[in-house]
Structure formats: C-alpha cells, structure tokens
Amino acid sequence: MTRMQRKNFRKGFLFILPWLVGFAIFTVYPIVASFYFSFTEYHVTKPPVWVGLENYRKLFKDVLFTKSLANTLYYAAGLVPIGLVVGLFLALLLVQPLKEIVLYRGVIYFPSIVPAYAFATVGIWFFHPYLGFVNYILSFFGIDGPMWLSDEKWAKFTIILLAQWGAGGTALIYMAAIKDIPKELYEAAILDGATRWQMFRKITLPLISPATLYYLVTATLAALQIFDLPQIMTGGGPANSTLSYVMYLYRHAFSYVNMGYASAMAWILFLISAFFTFLIFKTSRRWVFYYGSKR
Amino acid sequence: MRKLVILLVLISVFTLLLAEKVEIVFWHNMSNPVDKKSIEESVQKFNETHPNIHVKVVLVPGSETEITKLMTAVAAGTGPDVYYLDRFTVAQRAYQGVLECIEDYLVQLGVDVEALKQKFFKFAIEEATYNGKLYALPWDTDVRVLYYNKKLFREAGLDPDKPPVTIEELDEYAEKLTKMKGNRIEQLGFIPWFGQGWHYTWGWAFGGKFYDPKTQKLVFAEDPKIIESFKWQKKYADKYGMKNIGAFASAYSGANLNPFLAGKLAMVVDGNWFLAQIRTFAPKDFEYGIAPIPYPPYGEANSTWAGGWSLVIPKGAKHPKEAAEFILYMATEGQIKYAIDTAHLPTYKAGVPELIKKDPMQKHFAELLPTAHCRPVIPVGALLWDKLTEARDYILYGQKTVEQALKDAEEEVQKELDKALGK
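Top to bottom, those sequences are chains B and F.
Numbered per this note's numbering, the first sequence spans residues 1 to 295.
Numbered per this note's numbering, the second sequence spans residues 1 to 423.
No wet-lab data here; the hints were simulated from the structure.
These numbers come from a predicted model, not from an experiment.
Where is the CB? At the ideal position from N, CA and C, for every residue including glycine.
Among the hints, a few may not be true.
[Claimed, not checked] Listed next, the in silico BS3-like pairs over lysine-lysine satisfying Cα-Cα at most 30 Å (straight line):
(1) B:K58 - F:K415
(2) B:K153 - B:K58
(3) F:K45 - F:K363
(4) F:K214 - B:K46
(5) F:K419 - B:K67
(6) F:K179 - F:K243
(7) F:K315 - B:K46
(8) B:K46 - F:K133
(9) B:K202 - B:K183
(10) B:K58 - F:K407
(11) F:K21 - F:K315
(12) F:K179 - B:K153
(13) F:K133 - F:K318
(14) F:K225 - F:K400
(15) F:K234 - B:K67
(16) F:K209 - F:K415
(17) F:K37 - F:K315
(18) B:K153 - F:K239
(19) F:K407 - B:K61
(20) B:K46 - F:K419
(21) B:K61 - F:K234
(22) F:K315 - F:K45
(23) F:K318 - B:K46
(24) F:K119 - F:K151
(25) F:K243 - F:K150
(26) B:K46 - F:K423
[Said to hold, decoys possible] Label-pair restraints from in silico Cβ distances:
(27) F:K214 - B:F133: 34 to 44 Å
(28) F:K214 - B:L138: 57 to 67 Å
(29) B:G193 - F:G241: 53 to 63 Å
(30) F:P370 - B:T27: 50 to 60 Å
(31) B:S139 - F:N32: 58 to 68 Å
(32) F:S31 - B:S139: 35 to 45 Å
(33) F:Q44 - B:G22: 34 to 44 Å
(34) B:T27 - F:L7: 48 to 58 Å
(35) F:Q404 - B:G22: 32 to 42 Å
(36) F:E354 - B:L138: 55 to 65 Å
(37) F:S31 - B:L271: 33 to 43 Å
(38) F:T72 - B:I31: 54 to 64 Å
(39) B:L138 - F:G157: 35 to 45 Å
For reference, chain B alone in the conformation it holds in the complex (with noise of 0.2 Å):
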C-alpha cells in the first residue's frame, strides 16, 4: 500500500467506523455471545454455568422441541409455495392495463401494513366455527365448515391461510420485475402465434426467476421464524398443534428465563434457516435467469 493508500483506506475506515461499532455491539457480540451461552446453564440475574452441551443433549430428548420443529416445518411447506401463487397471481392481475389500476393496487396492497395484532385478532373472528364469516358462507354451499383454530388438524393451515392477507407485498415485488420484460418479447411470441399460457411459462415466469429468488430465500427465512400469528391467534393450542419454533424458543428465554436453552435453540434455527438458504442458492443457477446475460 502507498502512503496515500494507506491514508485514504485511514478516512475510509473513519467513515464507516460507526456502522461497524453498532454492528460489533447489535450483531456481532450478541451472536457470539448467544454462542457461548448455548453451551451454559444461563438464568440471566445469575451468572451463567458451562454445562458443555448438555443443552443440546437436552433439546433432542425433549418432545416439544421436536414439535414446535415439525411444526414450523409444516408452515414453511404451506407458506412459501402458497404465498408465492398468490403474490405471483395478484401481481398478474395487478399489471393489467385498466384505468383504475392504480386503485387495485393500492387496495390489494392494503392489508399488508396492518398490523399483524390486529388483523391476527379480525381472523380469529373471521374463522370463528360457529360465528365466522368463513364458515357461514360456506353454509351456501351446504359445506359443514371445520372447526378451523380450534381443531389440532385444521389450526396450522387456517394460520398459513390468513398469512395471505399480507401477500400484497410479495404482490408488489412480482409486478416490479413483470412490468420490467420487455414488451417486445411478448410482441415476437404474439407473432408467432404463442398462446397466453406459453408466453407465461417461456417468457414471464424465467424473466422474474431473479424475483422468485429473492422471494423464496426471503418468505423461507421468515416461515421459519413465525411468531406473532399463532401467538396471537392461539398461543400454540390446542394441544400444541400451532406451537412454532420461534414461540418455544421465546417461552424458554422469557418466560422460564433459560437463556442457555433459548441461545441453543437459536442456534439450531440459524444452521436449518442456513441450509435452506444454501440449497435455494445451490439449486438457482439452474432455474433463475437475468435478461441479457448469456447461459
């Protein structure tokens, strides 16, 4: 390195010295720190004990962990493939040259900022079994709606279908990378006589894979990590059947104050979360496609 180098990677530093500070003392440490906990027997007012990795021995055998596991797998399987159809199926909608269009999605995107309390709240009602909206439309129909929340089979899935209400941001991204394809593809297949569905399959779907991409790392992660519906919704009943990861993981850090339990949770969590984020990765070189460049 020359002297000036030397001193503009000096000014450099200086510049970003306080975004490293706040990510060594917010990100970093806590990280480490969890870390270290996960190997010891941790009550937060007490100082913590190494029990080397008991912890983790411990999680294996317990039955709830495995649960709440299978649990938020469960989610992560109905919500990333549903609420990618239904993003991908508004932002087609969403794109169509009609006047008010702005209209429709300002209120298809709508509900995705209300907060999750009060929309988690409105569909306890709206699944309700006897009083909600849901079942009593399907009473049209003839159909002897389920019990929805309150049946261990039905709660999961109520939960991943009313996470739909905030598809519009999913919606939002889709139309982005949809209204960027050039119009002169669609122009070419059109002369060659391609039918809606061909160009959806051969030019629409590979030109937004980059956004498919991002969506699908992005929705796993938070699957993974659902919290506050079933919290709010359930609390984790019944019978544990709504139980996710992230909310065992909350009890045993804040309500039986075992922070060497919850950090080994956490680290658990960060490994799966990591392997999925690498087999969507590992897996994209063959299925996303960037306009322009060459395969």
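On the provided structure of chain B, position chain F as indicated by the hints.
Just chain F, lined up with the frame of chain B:
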C-alpha cells in the same frame, strides 16, 4: 434588592426540595378498571403523605407465571423499584435472584418485622418468605367456589336452591344442563377446567396431596386421588370433544365475554373476585347462586385454595429503601382500601372486618380462608404450576395417559427442585 434575595433563597429551597424528592417506579398488571383505580388512589394518597417520595405507576402486562417484561428489565438494569408479583412465585423468583430481600430494608426503616408478620394471615407470610426471610409483603388473597345459574337450573327442572354437593351430582346436573345441536354445543352444564378449575382445585377437592414438605418430594403422580381427579376431568373432554369445547369457548375469548355471564355455561368454578364481575357485567335479571366446590365421597368438603398477589422489590431497584416504605404502606393501609373498593379478600387481618362491613356477602368467602389450601411453598412453584397445566393439557387432548403425564411432570419439577434445594 431584598425581594430579590428572598426570591433567590426561595428558589434554592424549592430546587433543593425537588432535588431531594425520590421517584420510585411501580409496575403492576391490574388492568381491570376497578382494581386499577383503587391502586392509583392509594398511590396518590401515599404521594401526598410522603413528600420526599414520588411513586410513578406503570401498567405492565404480566400474569401468574409470566414475568417477561420484569426479567428483561432487571437483566438490562432498567427494572422498576416495586413490582406486583404472584405470591406463590416469590420463593422461585427470590431463588433466581430477581428479588431484593425486603426484610433487610424494613429493618433499616425501624420496622418490627416479627410484629408486622403477625398482622397478616400465616399462609400469606409463608408464601412471601424464602430462606427464612421476607422477600415480599402480601397483597390480596382469594378463594374459589362454585357459581351456578339459577335460571338455567329451573329450565332444566332442577331445584335452584340445591346446588350439586358431590361429584356424582355435579356430573348428573351437568348432563341435564347441556344442550347440543348435532356436534355443536349450544349450552354447557359444566366443564371442570373452566375459570378457576385448575389442577390444584380438583386435586385438593378429591383429597389429594401434591407435595410433602417433610421429605421435600413431590407426590402427586403417585397419589391415586389426584390421578382420579384428572381421569374425571378427562371424561368431560371425551364426552363433548375438545374441538367442540374449544369452539364453544373461543366465542368468549374477550375479557368481558364470559360464557357463564352470557347464560351459556350453567356452572363454573371461579374466584371470589368473580362476584364483582357478575355485578358489573351480568344482565340485571341474572340469578346466580354460590356453593362450595363439589367433591367425591373420599374427597374434602368445603375444599378451596387461596392465592393472591404480593409486592416485591426487584433486583437493581434504584431506591430499595423508599420502595420498602411504599410497599409497607400499600400492604397495610392500601390493602384495606383495596379490599373495600374491589372486594378482593385481604391478607392483612385488619382488612377483613372492613370488607364484610361493606359487603356482607364476602363473609362466605372469608369463612373459607382459615382452611384454604395454599400452593406448595417451593423455589420452583411457578415451574410446578406450568408443568401441571401442561400435563393437564396432554391428558385432556389424549396425548398422554394420566399416569404418564403426571409422572413426566413430577420427574421434571423434582429435578429442578433438588437443584434449587442444593441436593
């Protein structure tokens, strides 16, 4: 010039006075308007009579065993000076190092602690003690009884002045008082675990024992009477189905939407404080009766248990001495006022006659106090509660047998208890 001097002197005196004023922060979770108002009025009176201390009240959510906010605040060093804590968890929180020993500060204030203890009911003082020292001063207490709807009794052809006495009668009445439409519950006679029908409520009514203080062992999983009390509850789950009961109950998830008050649940076990709710929220023509909790032939007549809250000083309080002074005021004078205002039973003996004078109906409850059970005073009381509740849910949903669920809970809590006792 002289005026200016006087003014300056006055200003400096005032600033000195203001500077000396100590502010203590008091967290409680009594969001019920009646309870909240009484507490606020007592605080105001304390502030007026203690010019050197200013108490600031903050409403912070919490419940029996859930003290998330306090734990995080204490860990971060931003906790309050006074906290409203469920009394049966005092030993556990003291063991966890969350509480300051209030006795030390009371002594500093020149209080005769032994004489003070005599002024409270013994069980309340026991619950507030850890390692032989006071970690809290008791606040209110309560008892549990059976409430029943007389109108629904008449409709079902039952004598409204003859509430069920035995479990057998309770089951029989419950059957008669239930109306089903297909699988849908229109009206329920009785569900054991509603309201205050906790594991402890039935365990004791069935004559069972949860803990043996002599051997320091939990004994509920081996107690046939407690096993029986859960098996009896399970019958209700099987009969109506947890799904249907859940759907029935979820229509009443709001605070003031109680199925009993709505005339949809004919009988319920609830606390003495429920009386105030009936009076406030029930329709004008609501007819109800109060009776002791039913029991089996081998069980315990007039069985009930007493709980209640307490006032504590969390670790890291900025002004523990002033906090102790405030707690002392609240637990004595404040509690008498609280009893009169809110119909909560006091643990401060002087409050009982005052309460009965105001509301003669409270006599029924106060009479139950001397024989009321209180939950095991152990440093893992909160954990035991949670594990018993978990076990109950496993049983009701048929995920574990009664024996297995209780055994699992007992083993887990005993392990923690042994650790806490240094065994």
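Hints that the structure is at odds with (numbers, increasing): 24, 27, 31, 35 and 38
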